[in-house]
Each structure stands twice: as C-alpha cells, then as structure tokens.
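A.B. asks: So the chains spell out like this:
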Amino acid sequence: MIQDLPDTTAARVAAAIVQARHLAGVPAVGMVATLVIVTDERDHYDALRAAQEMSREHPARILVSIQRPGRVAARLDAEVRFLGDSGPGETVVLRLHGELADHAESVLLPLLLPDAPVVVWWPGTCPPVPAEDPVGRLAQRRVTDAAAAKDPMDALMMRAEAYQPGDTDLAWTRITSWRTLLAAALDQPYEPILAAEVSCESGSPSSELLARWLALKLSVPVTRTLSEGPGITSVMLSSGEQVITISRPDGRVAELTRPGQPMREVSLMARDTVEIIAEEMRRLDPDEVYAEVLMSGSLDSGGLDNSPDGSGLQ
Amino acid sequence: MAGPCGLVIFGVTGDLARKKLMPAVYDLANRGLLPPGFSLVGYARRDWADQDFAQIVHDSVKEHARTPYREEVWNQLSEGIRFVAGDFADDLAFARLHETILELDSARGTGGNHAFYLSVPPKFFPDVVRQLKEHGLADGPEGAWRRVVIEKPFGHNLESARELNDVVGEVFDSGSVFRIDHYLGKETVQNILALRFANSLFEPIWNANYVDHVQITMAEDVGVGGRAGYYDGIGAARDVIQNHLLQLLALTAMEEPVSFEAANLRHEKEKVLSAVRLPHDLAAHTARGQYAAGWQGGEQVGGFLEEDGMSPTSTTETYAAIRLDIDTRRWAGVPFYLRTGKRLGRRVTEIAVVFKRAPHLPFEATATEELGQNALVIRVQPDEGISVRFGSKVPGTAMEVRDVTMDFSYGESFLESSPEAYERLILDVLIGEAPLFPRHEEVELSWMILDPVEEFWANQPQPEQYPAGTWGPASADAMLATDGRVWRRP
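First to last, the sequence lines map onto chains A and B. Here the numbering used here is used: position 85 in the first sequence is 85, and no number is missing along the way. Here the numbering used here is used: position 270 in the second sequence is 270, and no number is missing along the way.
In short, the hints are calculated from the structure, not lab data. All C-beta atoms, glycine included, are put in the ideal place defined by N, C-alpha and C. You can take every hint at face value.
Partial selection, computed: residues in chain A whose CB lies under 8 Å from chain B:
no., residue
1, V29
2, E57
3, H103
4, R282
Reference listing, derived: stretches of chain B covered by chain A, where coverage requires no fewer than 3 residues with Cβ under 8 Å from a Cβ of chain A:
no., segment
5, 291-297
6, 339-347
7, 378-389
8, 396-410
Next comes chain A alone, as it looks inside the complex:
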C-alpha cells in the first residue's frame, strides 16, 4: 500500500502511518530502529531497496529524505509505504523542496520511532562533520560511504578529522570479511611478519583502510600496489622467505596459500550493500577499531608509528 501525500506536514505523515497500520489490521508492531537515508533523486532508489531488504533482518522504520533545494516555496511531499510493498517495516519517502531542504531535521524528528536508536546513512555525499550535522545529531550511528565520494582518499582524511564516536564508513564495513580471513590465517603458528602488501584497483578507500589496519595491528610496513580489480585482489604477508597470500582475482572466491600447506579456496564474495547495511545495523555502539584505524593516518604520509609489538591481528 502506497499513499501519496503532496504538500504535507510531518504530523499528517505520522497520522497516515497510524492509519495505514489500522487499515492493514496490524495492531502490534515491533521495530528496533529508525534508519534515516539522506540522499538525492539519483541515489535514492538503490539505497531504499537495500534498506528494505535489510529491514527483514532488523525491522526498522525507514525514512528517506530527498533534498530538492532550489528557488521554489518550501514544501514537503511524502509517500508512505506500508507492509508488503516495502518489507516488514514502514517506509516514508520525503521530498524536501526549497528552503525546507535545509531543515530536514524538523521533518524527521517527529517521525522517529519513540526511544529506538536512530541510524543515519548518507549513501552519496555527506556533510563535512556528520556528528554536527542537524540530521546527524538525531542519530547515535552515522554511516557514510567514502567510496561514493569524488575523491575517496580525500574523503577518508575528512572523516578522520571529523570523527566522533558513532561515526562509521561503509568502506570499513566492506572489508570485514577480509579482516576475518586474515585474522584466521594468522590463528595458526606463523613466522614473524616483516612486511605486507595490499593489491587493489585504484581509488578504493577500503584497501587503504585494510592496509592501515594491517600496519597498525602488525606494526610492519605495508605497501599498496595497483591491480585491475575488482576491489581488493590480494593481500600478502611476508616473513622473509615465507609468504602468506590471500588472492581474490574475481571478487568471489579467494585462494589462501601459506608455506607447507596446500592451497585452499574460500568464498570471499564482494558483498552487496544490503549485507553491509545489515551488518552496520547489528552493532550500534561506537566502532573503536574503525576509529583507531581511521585516525592512524595515511600510509603515504607516513602517519604510522611502525615500532613492532607483535600483537598480531587479534
């Protein structure tokens, strides 16, 4: 069921949600969070689809805020989607015209679920300091995506400068399975690692974060080399003669090789946005490791202190 509410107010949208519940005969609902997506016309479709898919795992109210600034009178157009069409939760697409585009928080605040945590996701461009943005202030978790920025490396630098607990970036979430696999590879006894190398296609902020993470945790010099992609194609951990390699040339299956053991294959799918957003929604407390890695500084600028402490990847 989709209800169009042209030229409306937040109060009328809230009333429409209540009415939709009654009409659908669903007196009881249980939702765990409100997900606010701040986006534009171009990106909203994919982001919304991912969010609705995600809401099967974490039933959430999804508020899509589409800014349409310009020299028109301030106006709010809303679209309320309820059940069936939109997955288990409630979805509201809000279009903010004219001056209202600068006051999105005034529309969003009355539509947040009571008490429940709020996650704001900017699938495209995001404000310079997410935690101080009027919409960002509504949330305890602020999700950005450096990969969507024009200059992802520059974006990472800005994130580091602006970081406040509760910030997170999808470029970081995308490498969770790489980190898991690398940590598992070092679960067995291994020679002391002396250097590491990350190969990836150009402009991948995830590889930068992965390299920083390795540098930080292993306290070794890490180099980045360019490959054809897709995404991150291999990670090599070398201890002089011996080298542990995880290579994933096709973005699907990785090959793990280590000295004295047969080569093994392991699934390492480049995950889609649905899974990544679902993972983000799983933990809503500040991501301390991300903060540490983000703030450790760029490898190129020599921001890392590489004194060995041999703590491994755990």
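Chain A is fixed; fit chain B onto it per the hints.
C.D. replies: Coordinates of chain B only, in the frame set by chain A:
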C-alpha cells in the same frame, strides 16, 4: 441512550460550540443516542430568531460533523432547536430562557431535564450560575434533573478554584456539576484501569521495588495561535499540568479502588494526590521555557513572543516540567516527572513507567552496552496503545543484547478534543454518569501541588527560549541530569 432531556449552551457563537459541541450533538443524534424530543437551546448576545440559530447549527454540522449528513436526522433535531438572545446580566433574557424551557417540556416532552453547558470564559461562570439560580432554572420540577457543565480551567490557583466552587456549589449540588477536561477522554481512563487492574502481569512490579521513575508527557505541536490572549498569564502548567497531567499521575499511581463506582475511584485519586510532595529545591527540579521561531514538522513557525496579541515581555511559559514525589510505601523514592509544552517535536501524550536495571547482568560488558532500562509506555494519544521495551539478542553469531519495542495499538485513533471525545462527554452528562469527571476536591488538591511552583516561577526572569519543533529547553534536560536520568524521546 439518554432519557428525555435538553441541552442549553451558553456562548454558542464561540469556536468550541461551533466546531465541537454542535457537531457532537448532531453525531449523537445520528447514532441514535439522543432521546426523542431532544432539544438544543442556544444562548448568546445575537439578534437571532430560532431559525437563524438553526441555520448556524446546520452549517457547523455540515462542516464539522464526524458522521455523514442525513436530512431526516437533521429535520428531527432542528425541530427542537431554540435560541434565546441576551447577555449574562439580562434578567429578561433569562426569564425568556425559563419560558423556552417550559415550552420545550410541554411541546417536546423533555420532562424538565436540562443540562447547562457553560462554553464561556471562566470569569462569566459566577454571573451565569447566579442567573440560573435567580430565575429558578437551577432546580427542575419534582423528579427532574438540572446539571451544569464547566470546562477547564477550574480557576487559576487554589483560592480562585475554591471561589468558583463556592459559587457553583451554592446553586448546584456536587453531583450535578460536571467538570470537563476534554484532554482526558473516558476511553483513556478506562484503558489505564484495564491495564493496571485486569492483569496480573503488571501489578506485582508496579511499585518502588521495580520502578525507577515515571515520565508523563503531553506534547503539542501547535502554538498558542489565536488563543494568545487567553494563554498569556495562564501558561502550560496551569493549562495542562494542573488538571490533565495530575489526573494521569493519579490514575497511574493510585491504589486499586474497591470498585469503579464514582466515589471509590475518587477516593483513591484523592488519596494519592494528597500524598504528592514537591521537591525542596524548586530551581533544580522544575523547568520552563517559551518556544522560539523555528522549523517544525516541515513548516516555518514563529516564536511565542511574536504571536499576535502577545506581549514581547510575557513571562508566561509554553513549556513546563516538574518533578513530584509520592510519599507512600508503593512509591517512596520513585520520582514522577511531568512535562508539557507547545510546539514540541510532535503531538503525543503518554505515561512511561521506566523500570530499574536488572541487578546483575551475567554478560560481557560489551554485550549489554546498548541495553537500556525496560519501560512500559501507555500511549494516550494520538493512537491509544501500549508499548513495552525490553532487551533482546541481536540476530547473529555474537552475543549482543539490544532494546526492542513491542508496540500494541488497539484503541481507535482517539484525537484530543475530537468531536468524538465531545460526543462521549455530552452523553455522559445527559446520562448523568459522573465518575470520570474530577470533583472539586481533586481540583483543589491539584492546585495545592501547583501553587507553590507557580509562586516560585512568578519571581523568576523570562523563561528560557527553545526552538520550535524540538523537545524543549536545555534546562529541562539539566533537570533530569541532576537526578542522573534523561527524558525519553516520545
């Protein structure tokens, strides 16, 4: 259905009469809940004949009635419509009113039963009531009833409330006085009673052993609008806390009444209200504010001091929050936080009972980082319902506990001061069912609680400004922070 009777409305030209009362009368007629021969008498200072008034009623019904317009219902209702012109000092007009009522008794069979609805500013209550007495309208013939309906505010402090009560009490006995708080629908009261006393699940934990604190909120998204003149000098606390929020507090905190008879229910409410204690340090445990210009719900709105007809130096608050304690065994050490305001985040009225944390959590600290306090929220409006908040494991391989909410909304969308609310109120008056209307003892107890706060505020500077569309001034957050708590986001 009510027995034979008529309704006399004073102040029929006002907004309330036009938008709520008259449509509600029609809706009752349409639903077949009014007796045959029901009569409606309008009284106002207008040079109207019966049919002019009937036309006014007709227009307001067409525009504001909740149920569809049906010609036959209207025809039946319009036969009983009369109008009496005059002001409240006009003896001749009251004499005409008396004649009109006698005429209706014989022509329409209303049997001498009449309710007088005072839809006029409180300062006219004494005049009208005295006139009713002098012209013999306050007492019907043998076996018939006369009732009077007054709307909040019931005075502006204890003294004026007592004066008002004395004036009304001289003329009508207390069982015939209906004090209407249109915020507090009967449905709400019954819902709270059902939740508390029909279940075995909640009552055992409804006490200081388990409850950490209670938050009672009534938030409006509108400003004072055209009521600036009325509102200035009254303020949020007198307008809402004195009657509405303290009634909700009483219903939440009272002991189980031995029955739901009027007297028994009232006893319990009075008992708990008389045990309410104000904090010693009123500066630390109360807060107030005035809304400033801002964006609210997608609309740009002006500030309180800029409203038409408002003095820019007004010290009237549009937001008020107070902490109250209840000195009973059940509630010792459990603060009740009451807050109300205009131009807040959204329109909502709710009672949140927040429970203590589990005394021991056998989990790793990181597993319960996001676990808050359990809470039971009784939502009074916009859609009546109950939500329960508790911890649950997040799906996935890690042990992670997070708050989830189960929200059950069963009530109708029962809007505050909706026509429907008035239908129920009017019907209760006509049937003579009084238990849910506050009696003057409760009104006085409420003023005893609020008066010291108002006196304290009277000597304070202009209240703090808060941007329209937010959840109130910073001092209100500081007030809870003093106690190590936070307001929930309703």
